[in-house]
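Participant: Starting from the given sequences, assemble the full structure and let the hints guide the process.
Chains as they are written, first to last, in my numbering: chain A, 1 to 296; chain B, 1 to 366.
There's no promise every hint is true.
Claimed, not checked - Below 30 Å or equal to it, Euclidean Cα-Cα: the simulated DSS-like pairs (lysine-lysine) are:
#1 A:K90 to B:K142
#2 B:K142 to B:K49
#3 B:K19 to B:K49
#4 A:K113 to A:K129
#5 A:K90 to A:K66
#6 A:K129 to B:K49
To be verified - Sample of chain A residues at the chain B side, in silico, Cβ under 10 Å:
#7 L137
#8 G138
#9 A148
#10 H151
#11 W240
#12 L244
Said to hold, decoys possible - A few chain A residues that don't get close to chain B, going by computed Cβ distances all over 12 Å:
#13 G16
#14 G54
#15 M81
#16 G86
#17 Y88
#18 M91
#19 S134
#20 D159
#21 K228
#22 D263
#23 A270
Just so you know, the hints here were simulated from the structure itself, not pulled from any lab data. Remember, it's a predicted structure, so these values are computed and weren't measured experimentally. Don't be surprised by glycine CBs; every beta carbon is placed ideally from N, CA and C.
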Amino acid sequence: MIGHMLETQELRKTFGTGKVALDRVSFAVRPGEMFGFVGANGAGKTTTMRIVMGVMQADSGEVRWKGAPLGFAERRRFGYMPEERGLYQKMRVAEQIEYFGRLHGLSPAAARKATGDLVERLGLTERTKDAVESLSLGNQQRVQLAVALVHDPDVLVLDEPFSGLDPLAVDALAEALRERARSGVPVIFSSHQLELVERLCDSVGIISAGRMVASGTVDELRAAEGRKLRVVVADPEPGWAQDLAGELTVEGGREVLVTRDDDDQRVLRAAMRAGRVEHFGVERPTLTEIFKEAVA
Amino acid sequence: MSALLLVARREIRTQVRSKGFIVGLVITALLVGAAAFAPKIVGGPDSYKVGVVASQRLQMWGDTKVEWQDYADEDAARRAVLDGDVDAALVGGTKVLTDGEIDDQLGLLLQSAHREAQIGAAGVTVTPLDMQSVGADTRYQKTRTGIAVVLVIILFMLVIGTPMMVAMGVVEEKSSRIVEILLTSVRPAQLLGGKILGLGGVGLINLVVAIAAGLVGALASGLALDFPPGMAGIVAGVIVWFVLGYLFFAAFAAMLASLVSRQEEVGNVLSPMTMTMMATYGVAFYSVTDPTGTVATIASFVPPFSSMVMPVRAAAAEIPFWQVAASAVLMAAAVAAVALLAARIYERAVLRTGARVRLLDVVKGR
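Facilitator: Quick look at the structure:
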């Protein structure tokens, strides 16, 4: 499959209360790319995804797909999992998945086949005839995922798909998403689990108070952060780091200096004069650190 | 299959499978079927059994049938009266035995028949009076009123019950947020239209079963013999009026229901609709008692009152066809207007979850 790019351009949204929800939010997700969308609660992740899925209108800006404004017919080929999960509680599992397949434009036979495959892969074979309300929360989540995947979507948009899942279910879902991405589908998901985002995603967008404060691959974000040095000195002379800019902390008799000083050799010499150097190296910031820095 | 039909099919399936639907259907059928026997029970008998001992059977006039039963002697006749085998016993052509006071009508019949027999015996021939009505044909009046009452009750139950299901469905989808997924692949008008169509189909099944039960009951009880001419037209009319009334109130209900996000709020937000419906019902019931009066005549043209009053008028009295047609056209126009408004409001309000949305805000597009 030849994938296509999904883009948002300068999305703006102001709510009736006058609160600016989105302020020129732009990002692009390439074919086969997993895009992690992170931000504090209320930062605008859900609003952005709802606008992408057409259940909310932006005041200005647009969502583009295959290089043109995204329309209803193309969006029908998207898969969506909203933040607040919704299923027909009294409807049977297989019937429900099949129904959504039909609504997304599948033929009766194709919908039945896709449902059968998904039910088996998600381990719901025993429960196909049960009403959704009789399922455990974890299994309901699986049905929700099946509803988003049944029509083999061109794009996946998932709002907090990992929330409330146990570690095994997280792995299973991560694998399912990776597989879709490998087939050329752009996948966007939001999450508060930054380690997970770092592990899974090719690129990340950080949103804060309605603005996209950083986006790109994790390596690009790290590069933008600038290089940091971390030095650990045992039993140093007091005041050895006075001339060096940075953060000095004491950890059990050792002093730890984290600095953005470009002259690494000068830093090393100062440390060696002060005491025994136990660690000296370039710090790779985690996504969590990048995130905290970006939204600060 | 279009999204509209897919949605409609899901609604029908879901309802038809539920226990409530089957139970409701059986209860409706039993009640309506039983109602067909009511006139026979309330209206009193129209045939009598009279025992005869040592006397001639009397010649009876009129519609009332009398079945004669011979007894050997007065004692046997007395026992038959006490056992309830006969309503009365004529003994020796001069005496009538009954258990308690004699039935008024039977008493009068026997008296006049006896009188005529005696006059006849004296050689005078009595020609019975020829009764002619110069006014409207009122032979079917009682049956017509009965049919009209039953129709109002059935129409009311279905026209209030089915839009209620539409409202509950709208809120169910909104409160569970499933509407957010649905609307990425279905347009709001298709989702709403499919729901109204599907549940309307369910209502129609209910109506047809109720009518069938009524007709079967009427055949079984003999009431069908008293049916006025044009009964088929009355039945067809009821179905058309149900469809029009249902569409009006269903669109009205869906529009209001889309403003709230919780099932508990449905009753409250629907009150403008339920009040309109109660008023319609009130006027319709009043029209049963006075189907040719000014109130009934005017109301039978004003939507949405006409959706219940016109079928009542048509059942209770004979109405020129052009009046029915004109009223139906007006009602259809009202349905179209409400449906358009409902589609607009629904589209704007159904994705706004949380607090109740104010109708004015939606109309202004805020």
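Participant: State for each hint whether it applies.
Facilitator: Quick rundown of the hints versus the structure:
Among the hinted pairs, K90 (chain A) with K142 (chain B) is inconsistent with the structure: their alpha-carbon atoms are about 47 Å apart, more than 30 Å. This hinted pair checks out: K142 (chain B) and K49 (chain B) have alpha carbons roughly 25 Å apart, not beyond 30 Å. About 47 Å separates the Cα atoms of K19 (chain B) and K49 (chain B), which puts this hinted pair outside 30 Å; it is violated. This hinted pair checks out: K113 (chain A) and K129 (chain A) have alpha carbons roughly 16 Å apart, not beyond 30 Å.
With a CA separation close to 38 Å, the supplied pair K90 (chain A) and K66 (chain A) exceeds the 30 Å bound. Of the supplied pair hints, the one linking K129 (chain A) and K49 (chain B) is violated, its CA atoms being roughly 63 Å apart against a limit of 30 Å. Evaluation of the L137 (chain A) hint against chain B yields a violated restraint, the C-beta minimum of about 14 Å exceeding 10 Å. Given hint, G138 (chain A) at the interface with chain B, is violated; its Cβ is 18 Å from that chain's nearest Cβ, farther than 10 Å.
Annotation: interface hint on A148 (chain A) holds; nearest CB of chain B at approximately 8 Å, less than 10 Å. Satisfaction of the interface hint for H151 (chain A) is found here, the shortest Cβ-Cβ separation to chain B being roughly 8 Å, below the 10 Å cut-off. Below 10 Å, beta-carbon pairs count as interface contacts, and W240 (chain A) has none with chain B, the closest being about 58 Å; its hint is therefore violated. Here the hint on L244 (chain A) is broken, as its CB sits about 53 Å from the closest CB of chain B, past 10 Å.
Not every CB of chain B is more than 12 Å from the CB of G16 (chain A) (nearest about 6 Å), against its label as outside the interface. With 12 Å as the threshold on Cβ separation, the claim that G54 (chain A) sits away from chain B is violated: the shortest Cβ distance comes to roughly 6 Å. The claim that M81 (chain A) lies off the interface is violated: its Cβ sits roughly 8 Å from the closest Cβ of chain B, which falls inside the 12 Å cut-off. With a closest Cβ-Cβ approach of about 3 Å to chain B, G86 (chain A) is found to fall inside the 12 Å limit, against its non-interface label.
Here Y88 (chain A) does not stay apart from chain B, with its beta-carbon only about 6 Å from theirs, under the 12 Å limit. The Cβ of M91 (chain A) does not lie farther than 12 Å from every Cβ of chain B; its closest approach is about 7 Å, which violates its non-interface assignment. S134 (chain A), annotated as away from the interface, keeps every beta carbon of chain B farther than 12 Å; the closest lies near 15 Å. Annotated as non-interface, D159 (chain A) brings its C-beta within 12 Å of a C-beta of chain B; the closest such distance is 10 Å.
Every CB of chain B is more than 12 Å from the CB of K228 (chain A) (nearest about 42 Å), matching its label as outside the interface. Look at D263 (chain A): its CB is around 55 Å from the nearest CB on chain B, clear of 12 Å, so calling it non-interface holds up. Every Cβ of chain B is farther than 12 Å from the Cβ of A270 (chain A); the closest lies at roughly 58 Å, confirming the non-interface assignment.
Violated hints, in rising order: 1, 3, 5, 6, 7, 8, 11, 12, 13, 14, 15, 16, 17, 18, 20; the structure is consistent with all others.
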